[in-house]
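Enquirer: This note's numbering applies: residue 144 is where the sequence shown begins, and numbers increase by one.
Bear in mind the hints are in silico, worked out from the structure with no lab data behind them.
Keep in mind that this is a model prediction, so the values were computed, not measured.
Watch out, some of these pointers could steer you wrong.
What the hints assert, rightly or not - Computed spacing ranges between beta-carbons, pair by pair:
id: 1; residue 1: Phe156; residue 2: Phe435; range: 28 to 38 Å
id: 2; residue 1: Tyr194; residue 2: Ile493; range: 53 to 63 Å
id: 3; residue 1: Ile493; residue 2: Leu283; range: 41 to 51 Å
id: 4; residue 1: Leu234; residue 2: Tyr175; range: 15 to 25 Å
id: 5; residue 1: Leu383; residue 2: Leu283; range: 24 to 34 Å
id: 6; residue 1: Ile436; residue 2: Gly309; range: 20 to 30 Å
id: 7; residue 1: Gly275; residue 2: His523; range: 40 to 50 Å
id: 8; residue 1: Ala168; residue 2: Val362; range: 19 to 29 Å
id: 9; residue 1: Trp224; residue 2: His523; range: 43 to 53 Å
id: 10; residue 1: Ile436; residue 2: Gln294; range: 28 to 38 Å
id: 11; residue 1: Phe435; residue 2: Met218; range: 42 to 52 Å
id: 12; residue 1: Lys498; residue 2: Leu283; range: 34 to 44 Å
Unchecked claim - Below 25 Å or equal to it, Euclidean Cα-Cα: the simulated DSS-like pairs (lysine-lysine) are:
id: 13; residue 1: Lys210; residue 2: Lys359
id: 14; residue 1: Lys226; residue 2: Lys210
id: 15; residue 1: Lys446; residue 2: Lys498
id: 16; residue 1: Lys285; residue 2: Lys359
id: 17; residue 1: Lys285; residue 2: Lys345
id: 18; residue 1: Lys345; residue 2: Lys365
id: 19; residue 1: Lys226; residue 2: Lys365
id: 20; residue 1: Lys365; residue 2: Lys446
id: 21; residue 1: Lys185; residue 2: Lys365
id: 22; residue 1: Lys394; residue 2: Lys359
id: 23; residue 1: Lys394; residue 2: Lys185
id: 24; residue 1: Lys210; residue 2: Lys513
id: 25; residue 1: Lys394; residue 2: Lys345
id: 26; residue 1: Lys285; residue 2: Lys226
id: 27; residue 1: Lys344; residue 2: Lys365
id: 28; residue 1: Lys344; residue 2: Lys210
id: 29; residue 1: Lys344; residue 2: Lys285
id: 30; residue 1: Lys498; residue 2: Lys394
id: 31; residue 1: Lys359; residue 2: Lys344
id: 32; residue 1: Lys345; residue 2: Lys359
id: 33; residue 1: Lys365; residue 2: Lys210
id: 34; residue 1: Lys359; residue 2: Lys226
id: 35; residue 1: Lys394; residue 2: Lys210
id: 36; residue 1: Lys394; residue 2: Lys285
id: 37; residue 1: Lys394; residue 2: Lys226
id: 38; residue 1: Lys513; residue 2: Lys498
id: 39; residue 1: Lys345; residue 2: Lys226
id: 40; residue 1: Lys185; residue 2: Lys498
Note that the Cβ used here is the ideal one computed from N, Cα and C, for glycine as well.
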Amino acid sequence: MFELAIAWDWLGFAARWLHVITAIAWIGSSFYFIALDLGLRKAPDLPPGAYGEEWQVHGGGFYYIQKYLVAPSRMPEDLIWFKWESYATWLSGFALLAIVYYGGADLYLIDPQVLNVSRTTAIIISLASIAGGWVIYDLLCKSPLGRNTTQLMVILYFVLVFMAWGYTQLFTGRAAFLHLGAFTATIMSANVFMIIIPNQKKVVADLIAGRTPDPKYGVIAKQRSTHNNYLTLPVIFLMLSNHNPLAFGTKYNWIIASLVFLMGVTIRHWFNTRHARKGSPTWVWLATVLLFIVIMWLSTEPKQLDNAGEAQASTIQQSFINTPEFETVRDTVLGRCSMCHTAEPSWEGILVPPKGVILDSDIAIAAHAKEIYLHAARSHAMPPANLTGMSAEERLLLRRWYETASASKP
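Kindly produce the complete structure, drawing on both the sequences and the hints.
Expert: In structure tokens, the structure reads:
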């Protein structure tokens, strides 16, 4: 059982690595084509149907690119599709969500002081909200509201603000931010899978059949691509936020998440304007910095839980507490770890518990038993640089405690 904990942790790392690799590929290609599209130039000798062209230099060679708003007059023999980057990013991200948050729901997903539900209920809420987000978004895009791109973006923003607040009423702060990112990323990937690629396939089918493609398919795909462009940077922030408890673990976390979406808009506006050769709107950087300062200020207010003292140990947690070694384990953790991993850290320079992990009570220690085992018993990752002087005997004690309790878990 305890070797499974190591394998499971490596599986999570593999999924995270794959997710980062595929996300780099998707975001890179997406940003490239946005920049290319905005930088196209008109030329008098463009072939019929061509919208613009651009010369580029990279890697010692020159590239000549032309864009057709609808389609060229005939089907190219070798057509490259950009879709698997998006699909692989979503699939690897969902795998990571399942490994970390569904597999570790009692620790990472469910906060009984926010909403005390079973693991199964929490996972159902998670899946339903992510899938429902796409349905609502798609209906908005296909409604009369979708005819005005700016108006639609404003409505979408308020949907995201509502979801930011809603997730903090359902899950842990860390899971709330992760789910807001998954909610948004699902919309982005579904745009590719359900709208952009199918529309392009319809155009290709018309070309092969000798028909003139309908321009509306390109217009629809362009709108969805624009949404993806402005949503990308906030999603990256939300996916990285689990490393910063000041973002997800403070009182106004949902407002912080909402402001991050605005920063995504201001930053991308600058790049989009530059790529379109329409100047350099430096005011957006001032707006972005001001938003970030507001976020930092909001993060200074700690999160207060009215029923913080009502938590009770689960059956599994109780199995760790009931072991003969637990009293010594508790003394070891309190002596070596709790100066940082407590609600108000006493270690100089640390203002909040790293990654939001608190180890100052029996239940908290039992809840993080696997993390203690992996980071302090099976490896020497914690304490960092062994600053608190955890001995080899203490690490052996932690290992024996976890393995004994794991073997006897119900």
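Enquirer: State the violated hints by number, sorted upward, taking the hints as numbered earlier in the document.
Expert: As far as the earlier hints go, 20, 22, 23, 24, 25, 35, 36, 37 and 40 are violated by this structure, in ascending order.
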